[in-house]
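Chemist: Letter by letter, the chains look like this.
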Amino acid sequence: MGEPVLVTGLGIVTPFNPDGDRERFWASLCAGEAAVGAIRSFDASAYPCRVAAEVDREALYAGRATADPALRMAERAFERALDDAGLARGRGMPRRAGIILGTVLGGTASGERYLRARAQGAPGATETLVQYPLRAAAHALAERAGFSGPVLTVSTACASGTDAIGLAYRRIASGAADMLVAGGVDALCELSFSGFCALRALTTDRVRPFSRNRTGLALGEGAAFLVLERERAAKQRGATPLGRIAGYATRSDAFHLTAPHRDGRGLAAAVKAVLADGAVGPAQIDYVSAHGTGTPYNDRMETLALKAALGACAARVPISSVKGALGHAFGAAGAIEAAVCLLAIRDGVVPPTANLEEPDPECDLDFVPGGARRVAVRTALTVSAGFGGQNAALVIRGCP
Amino acid sequence: MAGPIRILGVGSAGAPDARPAEAEARAGRLRAVLTGLSADGVPARLIHGIEELAILAAHEALRRAGVPMPYRGDDLGVLLGVEEGIDGIKARYYRAILADGPLGASPLTFPLTTPNTIAARISILFDLRGETLTLGGGNVAGAQALGLALRALRDGQTAMALAGGATCVEEEFLEAASLVGSSEPGSPGGGACLFLLGRSGPVGAAAGGQVLGYGEGFGPDGVHAAVRACLEDAAVSPSAIGAARTAAVSDWPSAARAIRAVGIHADIARSPSSGLCSASFPLAVAEAVGQAARGPRVPVLVVGSDCLAGAAAAVVQGAS
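Protein sequence lines, in the order shown, are assigned to chains A and B. So the first sequence is numbered by our numbering: it starts at 1 and just counts up by one. So the second sequence is numbered by our numbering: it starts at 401 and just counts up by one.
Hints are supplied without guarantee of correctness; some may be wrong.
[Unchecked claim] Quick list of in silico lysine to aspartate or glutamate cross-link-like pairs, EDC-like style, CA-CA up to 20 Å:
no.	chain 1	residue 1	chain 2	residue 2
1	A	K235	A	D178
2	A	K307	A	D360
3	A	K272	B	D555
4	A	K307	A	D366
5	A	K272	B	D475
6	A	K235	A	E3
For the record, the hints were derived by calculation from the structure and aren't laboratory data.
Could you put the whole structure together from the sequences, leaning on the hints where they help?
Modeler: If you want it as structure tokens, here you go:
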């Protein structure tokens, strides 16, 4: 690949920080807080599971209640990212600027509103339909920022955010674009919640990644965007980089629609490929942000995959999952976890795996139980896996 | 790195024909494909028509290229545009929840409400372990998939890529499209078209033409920008374009004007597949390659646009 690709801006919205205050997000995560609680955005009383990690709607909307929740989260994270990069209101915007957005659900919450209205005999508001398509958020953000392209929407299940950042990294590195905002967004909705309930994948209390007594995942929501630029251009305009994307790979399990390959075949292949792409050896990895959903299959598979790909180094590297704290934010998860890596590099601190009190003997790596830990992180690896056997990985490094 | 990419194989499938004999023949072909891919002789159970279309198209593309099935390699992936193809599934799934509460949620149907399931189904059935990506770019989703494949191949990220689009345009989508004022929502139906692309193919693969270049554009001048970027990428001058063809476009007269404004004077034909949204661009490319193979060996431009996702263009050439 060509010139280094720097991250010059970061915007993030999670249940910890509906207003996009990045430092509050980071402080809450490192303090071991958990945002999983009773569902408020729809009536979940008929379901056996009634918990999720939600972004407070009142704080999120701040008077703009007609917008789709995913679009609103994306808008806020996008604005924060551009502001952080010193590109707010189009100042200094490069010519070939665009967005690559990862999402699983798009504006499904708006689609639900429309169908609910129709079921009750009402015509249904057309503005809810405009916000429904998968590509609606990317279009709205690109139009608002005056981007000329590329404008892409990637949907690779729960690896969407990671793939979006990876594809943007490739385009910037190859010189095909000058600046790209890349990340992911998804909002909790009944459609996905009911499906995960039907698959019996949801916990009814707490998410306990890598624990012996883990009982499943909790759904979450949020948005995160990174601003990516080539090093020379970033330096020319005086941008302050948070780090750089140094490698990307994506591989398929080719195994099952909803279950991961039992040995983590695809994830191991993705990790091996990302190390090769980033010209990084396993010994150089200082931190791994795990997918760590808290389901029995995922956490065991992920442990095996990391052992297969990192060899003996897997046993000494700190690995943590933020899903005990934030639930699983679908298409946003990978982008949020990339942000975690950047902040870990910045501060030399890795967040804990919340609720990991009783380690599973089959998940016998250092999954950072208890509290946050001081670690000099120069190089981080983040991994994502999703329905359909999607596996994606990024290598993120600090700037010298 | 620029340069042409070879079309090693192409496959397409249309919605089931109303005539019983043809529908039965297609069902038989699908059964044979699924049985042949099964390790235990029990064919995989598909849930929805869009899966059937995509599987048939993928099988044809791989068969024509002489790729062994199942493949069992991670140097061949799937890049697929689907967006609106699952809207009908999602709408029916959610209506069942509205009607029956949690009991209405089918664990069998739920995975199909996730856009990447169609690409995943292809990767699982044919054991393709490479880069598998799903694009949601509406009318240009299939074009974006082809563009990503082109880049991945040129950059050496993969040896081969199965790329294209699949759709199932159902009443739910058409109703919604008409309400939001989509100018070319199409009619109920479905289609899939997939290309097996490679820098070099398996021994014996018959090259079915080449993709010379690809470009994208966004905003009011999206089509113009996409065509210019595409010609630049292909290193082809406007005067060398021998024919042009539009896939689904959000505004045909404007698209035609934008193509002319670049300096292309060749005839502009409208693809008969333009109502097939995510599949329309790959189908138009297949038509263009076929057209180029029958006539003089000249580059053909294919253009598509979407009211939300911008525009895309590709230059292709038939086999010599």
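Chemist: All the hints need checking, so say for each whether the structure fits it.
Modeler: Here is what the structure says about each hint:
Between the alpha carbons of K235 (chain A) and D178 (chain A) the distance comes to roughly 13 Å, so the proposed pair stays at or under 20 Å and holds. For the suggested pair K307 (chain A) and D360 (chain A), the alpha carbons sit about 15 Å apart, so the restraint of at most 20 Å is met. A threshold of 20 Å between alpha carbons decides the hint, and for K272 (chain A) with D555 (chain B) the separation of about 18 Å falls inside it, so the pair holds. Proposed proximity of K307 (chain A) and D366 (chain A) is supported: the alpha carbons are some 12 Å apart, at most 20 Å.
For the proposed pair K272 (chain A) and D475 (chain B), the alpha carbon gap of about 14 Å is at most 20 Å, so the pair holds. This hinted pair checks out: K235 (chain A) and E3 (chain A) have alpha carbons roughly 12 Å apart, not beyond 20 Å.
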